[in-house]
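Model the full assembly from the supplied sequences, consistent with the hints where possible.
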Amino acid sequence: MRKFLRTIFLIDLFEGLRVTLRYQHPKNIYTEQYPAERPQVAERYRGAPRLNKNPDTNETLCISCDLCAIACPEALIVVTSIRNPETRRKELTEFTYDTSRCMFCGLCEDACPVDALELTQDFEFAQYSRDGLIWDRQMLEDGPRPTPYKA
Amino acid sequence: MPETFLDSTELILNMGPQHPSTHGVLRVILKLDGEKVTGTDCVIGYLHRGVEKIGENRTYVMFAPYVDRMDYVAAVSNGLGYCLAIEKLLGVEAPPRAQAVRVILTELNRIASHLFWLGTHALDIGATTPVMYCLREREEVLKIFEAYCGARLTTHAFRIGGLQYETYDGFEQQCLAFCDAFPARVDDYEALLTGNRIWIDRLKGVGILNADDCKAYGVTGPMLRAAGVKWDIRKALPYSGYEKYDFEIPVGYNGDTYDRYIVRMQEMRQSARIVRQAVQSLPEGPIMAKVPKVIKPAPGEVYVSIEAPKGELGYYVVSDGTINPYRLRVRPPSFVNLQSLDKMAKGALIADVVAIIGTIDIVLGEVDR
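Note that the protein sequences, when read in sequence, are chains A and B.
Under my numbering, the residue at position 115 of the first sequence is numbered 115, and the numbers go up by one with no gaps.
Under my numbering, the residue at position 104 of the second sequence is numbered 104, and the numbers go up by one with no gaps.
Everything labelled a hint here was simulated from the structure, so no lab data went into it.
A portion of the hints provided could be inaccurate.
If you anchor each label on the Cβ, the simulated ranges turn out as follows [as the list claims (entries may be wrong)]:
hint : chain 1 : residue 1 : chain 2 : residue 2 : range
1    : B       : 351       : A       : 123       : 36 to 46 Å
2    : B       : 329       : A       : 74        : 16 to 26 Å
3    : B       : 342       : A       : 32        : 39 to 49 Å
4    : B       : 166       : A       : 56        : 23 to 33 Å
5    : A       : 18        : B       : 9         : 42 to 52 Å
6    : A       : 14        : B       : 183       : 14 to 24 Å
7    : A       : 40        : B       : 213       : 44 to 54 Å
8    : A       : 87        : B       : 296       : 33 to 43 Å
9    : A       : 94        : B       : 93        : 41 to 51 Å
10   : A       : 32        : B       : 296       : 37 to 47 Å
11   : A       : 70        : B       : 205       : 51 to 61 Å
12   : A       : 129       : B       : 56        : 25 to 35 Å
13   : A       : 15        : B       : 329       : 46 to 56 Å
Here a beta-carbon is modelled for each residue, glycine too, at the ideal position from N, C-alpha and C.
Laid out in structure tokens, this is it:
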């Protein structure tokens, strides 16, 4: 009898409707209006790569040890260096990072012994061509320059 | 009653690979008699990337990010299985703190996976509301992943021998806040679906797979439990410290689509229970075991399976003593579970096939690898 009445009065459907109505208040809005509203990504977010420089001397921190290139599963990092004949140390000449093949696993930043290579919180680096996704040393040091969104 | 009337031939109909309810790129060739399905043929491989072969050409550490890309809805579980397999091969064990954090993240991932399944499954059947709420809760889980390891979907959260990242400030509070809020949210989904007459009509008695069939096909996970078999690798062969936590294995009776829905809902509640226990008893200590810098296991082979959200996820690794695995075989739960589609779909209607594909909870990245 009880079941019959529940069926007649559409109780099951109204119970579901109550849930929907309960979330109608504007404070329950969860959607992020992305381009207009910037998401705050986490501190550890693995986004665009960056090659850090020493803030005082403006020299690169990279010691050209090639460990990131060895650690990379996709082998997309190419580090070139020349040995300085006076100091007997390797000096970085070119650093290429192919972000089009990168899967942002973070193994390169784990491998870096001097925290020179870092995956930053930048997450917008769309380009108009695939060539633009291969970052050279300057791009890695200065960061990407995305086309700004015009509302 | 004869099989066909008046020499009418069967109709062959393609479903997929772009059909929205095939959850990716699964192509099902349906053999139809009117609207009744007389047989199905699955065509897979559209997402084949050769993950196992990639594994043979990468070192053990390098391959870890690739396993996340098989079952991308439950990447953390994949990573856990892989790390456990290589740890067994090396003969090391992750420290207790690492094990507890692993359990927390894996169970959160189980919740996220089931939520995504519930939302899309309901969407296939025609209930468009739950997916909004499911993805809202999933977002909370993904935020925890993002804050913990820096990625939301393909997390690469675990490393061989333990963890790379220490928990962040507020990790415990965020997990507990999620566990506090979550059961009420599951009640919301249940209010929307469990008693709903359309939902019941569409799911009850559809796609029945009894316990014997499940065992014959090698079906595992919630599908097996919905048929009444109390088999869960977390209980049967505990790994990563699951024996310390108190939880139940939800089982169904009929083995139909509705029972699988109920089982998965219960599993989400149980997972929230495990997360709460693990967070409250999170031990202090190191997070990384002593693992050599270059991982070079002794020649040998090992099979490790874990209870992924979709079923038994197994890794079979053969080492020949070099830095690359000699052979790396993955036993994906969705691939094995998908075999039972033909058995379940025979005699059903086309609309039921949508429900049956949804209930298997396949992820094509894992089926095709």
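| field | Whether the CB-CB distance between residue 94 of chain A and residue 93 of chain B falls inside 41 to 51 Å | value | 43 Å, holds
| task | Using the Cβ atoms, figure out if residue 32 of chain A sits within 37 to 47 Å of residue 296 of chain B. | result | 46 Å, holds
| Does the hinted range 16 to 26 Å hold for residue 329 of chain B and residue 74 of chain A at CB? | Cβ of residue 329 of chain B to Cβ of residue 74 of chain A: about 23 Å, so the range 16 to 26 Å holds.
| said: Looking only at beta-carbon atoms, does the pair residue 15 of chain A, residue 329 of chain B fall within the given range of 46 to 56 Å? | reply: 47 Å, holds
| task | Hint says 44 to 54 Å; check whether the CB-CB distance for residue 40 of chain A and residue 213 of chain B agrees. | result | 49 Å, holds
| task | Using the Cβ atoms, figure out if residue 342 of chain B sits within 39 to 49 Å of residue 32 of chain A. | result | Since the Cβ atoms of residue 342 of chain B and residue 32 of chain A sit about 42 Å apart, the hinted range of 39 to 49 Å holds.
| Range hint compliance [Cβ, residue 18 of chain A to residue 9 of chain B, 42 to 52 Å] | 50 Å, holds
| field | Range hint 33 to 43 Å (beta carbons of residue 87 of chain A and residue 296 of chain B) holds or violated | value | Hint holds: Cβ distance 35 Å, inside 33 to 43 Å.
| message | Taking 36 to 46 Å as the stated bounds, is the beta-carbon spacing between residue 351 of chain B and residue 123 of chain A within them? | response | The hinted range 36 to 46 Å holds for residue 351 of chain B and residue 123 of chain A, with Cβ atoms some 40 Å apart.
| message | I want to verify a distance hint. Is the separation of the beta carbons of residue 166 of chain B and residue 56 of chain A within 23 to 33 Å? | response | Since the Cβ atoms of residue 166 of chain B and residue 56 of chain A sit about 29 Å apart, the hinted range of 23 to 33 Å holds.
| Whether the CB-CB distance between residue 70 of chain A and residue 205 of chain B falls inside 51 to 61 Å | 58 Å, holds
| query | Given a hinted range of 14 to 24 Å, is it respected by the beta-carbon distance of residue 14 of chain A and residue 183 of chain B? | reply | Taking Cβ atoms as reference, residue 14 of chain A and residue 183 of chain B lie about 22 Å apart, which means the hint holds.
Of the numbered hints given earlier, the model fails none.
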